[in-house]
Every structure is written in structure tokens, then in C-alpha cells.
Amino acid sequence: MDTRLLELRDVTKIWSIGRTGEQVPALSSIDLDVARGEFLILLGPSGCGKSTLLQIIAGLEAPSGGRLRFLRGDGGRKLTSMVFQEYALFPWRTVLENVVFGPEVRKVPRATRDVEAQRLVELVKLRGFEHRYPHELSGGMRQRVALARALANDPEILLFDEPLAALDAQTRRVLQDELARIWAETGKTFIYVTHSLQEAVLLGGRIVVMTARPGRVKEIIDVRLPRPRSLTGRQEAEILERLDELLRDEVKRTMESER
Amino acid sequence: MTRSTLRKVGSALFILVVWQVLVQTGNLNELFLPAPLSVLGAIWTMTLSGKLPWAILVSLNRVVQGFVYGALVGIVLGLLAGAIRWVEDVLDPWVAAVYPIPKSALFPLFMLWFGLGDPSKIVTITVGVLFLVLVNTVTGVKSINPLLLKAAVDLGASRFQVFLKVILPGALPNIFTGLRLGAGMALILVFITEIEATKAGLGFLLWESFQLLETKDVFAGVVMFGVLGVASTWFLQWLERVSCPWARR
Numbered sequence: 065m066d067t068r069l070l071e072l073r074d075v076t077k078i079w080s081i082g083r084t085g086e087q088v089p090a091l092s093s094i095d096l097d098v099a100r101g102e103f104l105i106l107l108g109p110s111g112c113g114k115s116t117l118l119q120i121i122a123g124l125e126a127p128s129g130g131r132l133r134f135l136r137g138d139g140g141r142k143l144t145s146m147v148f149q150e151y152a153l154f155p156w157r158t159v160l161e162n163v164v165f166g167p168e169v170r171k172v173p174r175a176t177r178d179v180e181a182q183r184l185v186e187l188v189k190l191r192g193f194e195h196r197y198p199h200e201l202s203g204g205m206r207q208r209v210a211l212a213r214a215l216a217n218d219p220e221i222l223l224f225d226e227p228l229a230a231l232d233a234q235t236r237r238v239l240q241d242e243l244a245r246i247w248a249e250t251g252k253t254f255i256y257v258t259h260s261l262q263e264a265v266l267l268g269g270r271i272v273v274m275t276a277r278p279g280r281v282k283e284i285i286d287v288r289l290p291r292p293r294s295l296t297g298r299q300e301a302e303i304l305e306r307l308d309e310l311l312r313d314e315v316k317r318t319m320e321s322e323r
Numbered sequence: 007m008t009r010s011t012l013r014k015v016g017s018a019l020f021i022l023v024v025w026q027v028l029v030q031t032g033n034l035n036e037l038f039l040p041a042p043l044s045v046l047g048a049i050w051t052m053t054l055s056g057k058l059p060w061a062i063l064v065s066l067n068r069v070v071q072g073f074v075y076g077a078l079v080g081i082v083l084g085l086l087a088g089a090i091r092w093v094e095d096v097l098d099p100w101v102a103a104v105y106p107i108p109k110s111a112l113f114p115l116f117m118l119w120f121g122l123g124d125p126s127k128i129v130t131i132t133v134g135v136l137f138l139v140l141v142n143t144v145t146g147v148k149s150i151n152p153l154l155l156k157a158a159v160d161l162g163a164s165r166f167q168v169f170l171k172v173i174l175p176g177a178l179p180n181i182f183t184g185l186r187l188g189a190g191m192a193l194i195l196v197f198i199t200e201i202e203a204t205k206a207g208l209g210f211l212l213w214e215s216f217q218l219l220e221t222k223d224v225f226a227g228v229v230m231f232g233v234l235g236v237a238s239t240w241f242l243q244w245l246e247r248v249s250c251p252w253a254r255r
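Protein sequences, first through last, are from chains A and B. The numbering used here applies: residue 65 is where the first sequence begins, and numbers increase by one. The numbering used here applies: residue 7 is where the second sequence begins, and numbers increase by one.
Hints listed in this document are in silico derivations from the structure and should not be mistaken for laboratory results. There may be inaccurate statements among the hints.
Claimed, not checked - DSBU-like, lysine-lysine: derived pairs with alpha carbons at most 30 Å apart:
{"hint": "1", "chain 1": "A", "residue 1": "K142", "chain 2": "B", "residue 2": "K171"}
{"hint": "2", "chain 1": "A", "residue 1": "K252", "chain 2": "B", "residue 2": "K156"}
{"hint": "3", "chain 1": "B", "residue 1": "K57", "chain 2": "B", "residue 2": "K205"}
{"hint": "4", "chain 1": "A", "residue 1": "K142", "chain 2": "B", "residue 2": "K57"}
{"hint": "5", "chain 1": "B", "residue 1": "K171", "chain 2": "A", "residue 2": "K171"}
{"hint": "6", "chain 1": "A", "residue 1": "K171", "chain 2": "B", "residue 2": "K156"}
Said to hold, decoys possible - Listing some non-contacts, in silico: residues in chain B with all C-beta distances to chain A over 10 Å:
{"hint": "7", "residue": "S10"}
{"hint": "8", "residue": "L12"}
{"hint": "9", "residue": "E36"}
{"hint": "10", "residue": "L63"}
{"hint": "11", "residue": "Q71"}
{"hint": "12", "residue": "R91"}
{"hint": "13", "residue": "L154"}
{"hint": "14", "residue": "A157"}
{"hint": "15", "residue": "V159"}
{"hint": "16", "residue": "L161"}
{"hint": "17", "residue": "V172"}
{"hint": "18", "residue": "P175"}
{"hint": "19", "residue": "V229"}
{"hint": "20", "residue": "F241"}
{"hint": "21", "residue": "Q243"}
Claimed, not checked - Just the calculated beta-carbon pair ranges, DEER-fashion:
{"hint": "22", "chain 1": "A", "residue 1": "G251", "chain 2": "B", "residue 2": "F241", "range": "49 to 55 Å"}
{"hint": "23", "chain 1": "A", "residue 1": "T176", "chain 2": "B", "residue 2": "W100", "range": "44 to 50 Å"}
{"hint": "24", "chain 1": "A", "residue 1": "T235", "chain 2": "B", "residue 2": "V15", "range": "48 to 54 Å"}
{"hint": "25", "chain 1": "A", "residue 1": "M319", "chain 2": "B", "residue 2": "A253", "range": "40 to 46 Å"}
{"hint": "26", "chain 1": "A", "residue 1": "G192", "chain 2": "B", "residue 2": "N67", "range": "27 to 33 Å"}
{"hint": "27", "chain 1": "A", "residue 1": "G82", "chain 2": "B", "residue 2": "N67", "range": "49 to 55 Å"}
{"hint": "28", "chain 1": "A", "residue 1": "S260", "chain 2": "B", "residue 2": "I107", "range": "54 to 60 Å"}
All C-beta atoms, glycine included, are put in the ideal place defined by N, C-alpha and C.
Please model the complete structure; the sequences and the hints are all you need to start from.
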């Protein structure tokens with residue numbers, strides 16, 4: 065059975081900078097298959113175009129070349145939802161109102177969407193905070209809201225753009241476990257951008273290591289380890305080391321090109 | 007009562023009492039500075055005769071009409087200009103040209119075009135309010151985090167829904183700044199436009215009393231303008247609390 069959900073072939077992105085129209089290649093020739101239900105990590109040095117790739121998958125940016133195909137049509141319904149690093153919650157909406165935004169603009173009947181929103185609020189453990197405004201919540205709680213809001217559209221694929229990068233270490237650790245739990249509970253496909261090797265090893269089913277700009281797929285590492293994982297485990301440490309080696313060259317190249 | 011409130015009330019009472027005493031001992035000429043109680047008496051007399059309520063009603067009609075028209079046009083144009091580049095480009099030279107002009111300077115032209123009655127006064131107020139609301143609304147739209155627009159689109163919002171559910175609420179706090187400034191402007195302009203070519207209104211009452219040297223009636227008009235100013239501020243603060251509950255500090 066074909067479990068592929070998304071297929072990227074030769075996807076490139078070139079930015080035109082400002083008035084000079086200088087052409088800066090951001091992504092070069094990305095080939096990638098994403099399987100249904102997997103936890104795919106996009107790992108790379110900063111500026112390697114991993115966020116750009118995510119935006120292209122989300123349909124928020126158009127690729128300059130190549131093609132992108134969802135192998136499961138669903139009557140033109142959008143198959144992805146994005147979770148941003150800076151949460152991007154609507155400050156004038158309460159937790160519950162943020163969560164229902166997607167269903168609301170897609171004109172899902174109120175009763176249906178409210179029931180679903182309540183279920184999601186519970187899934188991300190925000191019960192009791194439904195009527196708070198974002199500014200009354202901690203960073204970790206805000207990211208939980210953003211996750212519930214992304215899930216509310218019932219997408220096939222959830223896209224994460226360094227969602228935990230702005231949080232403190234403790235909160236990040238807790239949310240990493242939460243993400244693994246929610247991934248397992250919902251059976252959704254997660255595509256997760258990070259520059260943290262530890263996060264990649266803790267969460268990833270497959271880790272796509274990208275090169276420095278212009279980003280290409282350097283290597284794909286299968287992480288066949290049981291969850292929950294621990295960074296002190298022997299096998300985890302081996303993968304960490306491998307990733308570290310792969311990335312060190314790329315970070316060096318980035319620094320040299322920026323000199 | 008806290009110490010702070012006590013000091014405030016004390017300050018107000020002290021000045022009023024000294025003022026009253028100075029007039030009654032003949033140290034202040036009531037022609038220039040009528041005693042507080044005389045002003046109160048003037049307000050009372052003019053209220054009973056219906057002169058003051060009528061003046062307020064006439065002025066309020068002009069202020070409220072001008073304010074509502076100006077606010078509506080200002081908000082709609084401001085949202086469009088903030089969100090759509092070509093609308094901004096089309097409006098920009100006109101805003102740049104008219105914004106710095108004191109709107110009272112346009113009143114003679116409006117009388118020429120719209121006659122001496124209410125319409126020219128209302129249009130002057132409308133224009134004064136419009137530009138303040140417009141400029142602040144544009145600022146509000148531009149201050150919206152672009153990530154929110156992206157998130158809304160990602161969640162499936164159409165262009166119109168982005169406008170209604172992100173741009174409008176996102177700009178609302180700045181719109182209220184514009185409305186507050188606009189309300190102050192409306193009161194200034196209603197006074198100026200009522201000096202000429204009218205036989206009614208609070209500004210007319212005040213100006214006519216001045217020409218008759220009825221200084222206590224002038225003061226009564228000044229006090230009433232103050233009351234209107236405070237009332238409009240309170241009303242807008244209440245409206246802002248109700249419509250922007252997330253921004254409550």
C-alpha cells in the first residue's frame with residue numbers, strides 16, 4: 065500500500081531581493097516524500113531555507129520551480145495547518161475563540177465547531193482557560209492554543225515552524241513530550257522544522273538534514289527508537305553525534321558565506 | 007476617601023471659595039470674573055427658561071452628525087488604505103494636503119458651497135473628525151503583526167474574512183485613539199462654526215452673551231462645553247472597554 069501523502073520533486077525557491085532584484089537561491093532541488101502519519105523533522109543551520117520549505121508546503125509561498133503534490137485529494141480542502149514560532153494568536157480572541165477560527169471561517173455550524181473546540185482544548189490540557197486572552201497566558205500555554213487552533217481544521221498535515229524556540233528550557237521539555245503524545249493520539253502527519261539536534265532526536269521519526277543555503281537535502285536519517293526517548297540513551301547519543309557531524313560542516317559553511 | 011482624592015477635592019473647593027469671596031468683597035469685578043455661584047445661577051435660570059437645553063440640543067445634533075459621518079468614512083477609508091496599497095496611494099496626496107490645514111479655515115468655503123445652515127457646520131466637523139480617524143486607523147492597520155494575516159490565511163480565511171476578522175479588530179485600539187481626538191476636534195469646530203451665521207447652539211449662546219457683556223452667561227457656556235467634553239470622553243472610554251475587552255489594562 066502506498067502510504068505516501070506528499071511528494072516534492074525538484075522544488076526550488078529563489079528570492080528577489082529589494083530594488084536591486086538580486087537573485088538569492090534559498091532552496092535548491094528538494095526531493096522528498098512524506099508518508100502518512102510520520103513525524104518528519106526538517107533540521108538545518110539557520111538560513112538554510114527550512115522555514116521557506118514549510119511555507120511552500122503550507123501554500124503560503126509559491127515555489128520558483130519544481131512541483132509539490134498531495135497524494136490524497138479531499139475536494140480541494142486545505143490539507144495543512146501551521147504552528148508558528150511566535151504563536152500568532154489573535155490577541156482579541158479568547159482561547160476558545162482562537163481555536164474555532166478555522167472552522168468559523170470555513171462556515172462550520174456553530175454547535176459542531178464549539179464541541180470540537182472543547183475537545184481540542186482538553187487535548188492540549190487548557191481546560192479552565194477557555195475564556196482567557198492570549199496575553200494572560202504563559203508562552204507554553206500560548207503554543208498549546210496555537211496547536212489546538214491548527215488541529216481544529218482537521219488537517220492531514222501539521223506544519224511546525226520552530227514552535228518551541230521561544231520557550232524556556234523546562235517548558236520546552238514538557239511541550240516536546242506533549243507534542244509526541246498528541247502526535248501519537250491524533251495519528252496526524254507532523255512536519256517539524258527545528259535547528260535543535262536534541263529536539264530532532266527526541267521527536268523525529270525521520271530526520272531530514274539540510275545543507276547550508278541554498279538548502280538541499282543532505283541526508284535523511286531514520287530514527288527507529290521507541291518513545292519516550294531520552295537524550296542520555298546510548299542509541300540516542302549515537303544519532304546525536306551523527307547529526308552533529310553532519311551539521312557542523314554546514315554551520316561552518318554558513319559562517320564562511322556570511323563573512 | 008484617600009489622601010489623593012482629598013487633596014483633589016480640596017484644591018477645587020479652595021479655589022472656588024476664594025474666588026467667590028474675592029467677588030463678594032468687591033475685589034473682583036463680576037464683569038470680568040463672575041462668582042461661581044452667579045455662574046451656577048445663570049445655568050439654573052437658562053435651564054428653566056429652556057434656553058440652555060435648546061442650545062445644547064442644537065449643538066449636539068451638529069456634533070453627533072458630524073462625528074458619526076466623519077468617523078464612519080474615516081474608519082472605512084483608513085482600513086482600506088491600510089490594507090490595500092493602491093487605495094493608500096490614491097488617498098495619500100489628499101491626506102497630505104488637507105491634514106495640516108486647520109479645518110476651521112475650510113468653514114467659509116463650506117458656507118459658500120453648502121449654505122449658511124446646518125449642513126456647512128456639519129461638513130466642517132465631519133472633515134475635522136474624518137482626517138484624525140483616518141490617519142489613526144491607517145496607523146492601526148499597519149501596526150498589525152503580519153504573522154496574524156498569514157495565520158488567518160493559513161487557517162482558510164478569505165480576503166474579506168481577513169479584513170473583517172483580523173484587520174478590523176487589530177486596528178480597533180488605534181481607531182479609538184482617532185475617535186477620542188476626533189471628539190475633541192468636533193467640540194472645537196462646533197464652537198467656531200456657531201460664532202457666525204446661526205441663531206442657535208451653545209457656541210452662539212456663548213458668543214452672543216459675550217457681545218452683550220453677560221459674562222456669567224459666557225461662563226455658563228464654557229462650563230457646558232466642559233461638561234460635553236467630559237461626557238464624550240466617558241462615553242468613548244466605555245465604548246472602548248466594551249468593544250476591546252482584550253486591551254483592558
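Consistency of the hints with the structure:
1. K142/A <-> K171/B: 20 Å, holds
2. K252/A <-> K156/B: Given that 30 Å is the threshold and the Cα spacing comes to 22 Å, the pair holds.
3. K57/B <-> K205/B: Holds. K57/B to K205/B sits at ~12 Å (cutoff 30 Å).
4. K142/A <-> K57/B: Distance of about 66 Å is beyond 30 Å: violated.
5. K171/B <-> K171/A: 13 Å, holds
6. K171/A <-> K156/B: 19 Å, holds
7. S10: Consistent with the label, S10/B stays out of reach of chain A, its closest Cβ about 29 Å off (over 10 Å).
8. L12: 35 Å, holds
9. E36: Given a closest Cβ separation of 54 Å, the condition holds.
10. L63: 37 Å, holds
11. Q71: 30 Å, holds
12. R91: 16 Å, holds
13. L154: 6 Å, violated
14. A157: Incorrect as stated: the minimum Cβ-Cβ distance to chain A is 4 Å, not above 10 Å.
15. V159: 7 Å, violated
16. L161: 4 Å, violated
17. V172: 7 Å, violated
18. P175: 4 Å, violated
19. V229: Its Cβ never comes within 10 Å of chain A, the nearest being 39 Å, so this holds.
20. F241: Its Cβ never comes within 10 Å of chain A, the nearest being 21 Å, so this holds.
21. Q243: 18 Å, holds
22. G251/A <-> F241/B: 49 to 55 Å: 53 Å Cβ-Cβ, so the 49 to 55 Å window holds.
23. T176/A <-> W100/B: 44 to 50 Å: Since T176/A and W100/B have Cβ atoms about 47 Å apart, the given range 44 to 50 Å holds.
24. T235/A <-> V15/B: 48 to 54 Å: 49 Å, holds
25. M319/A <-> A253/B: 40 to 46 Å: 43 Å, holds
26. G192/A <-> N67/B: 27 to 33 Å: Violated, at about 50 Å.
27. G82/A <-> N67/B: 49 to 55 Å: 53 Å, holds
28. S260/A <-> I107/B: 54 to 60 Å: With a Cβ separation near 57 Å, S260/A and I107/B satisfy 54 to 60 Å, so the hint holds.
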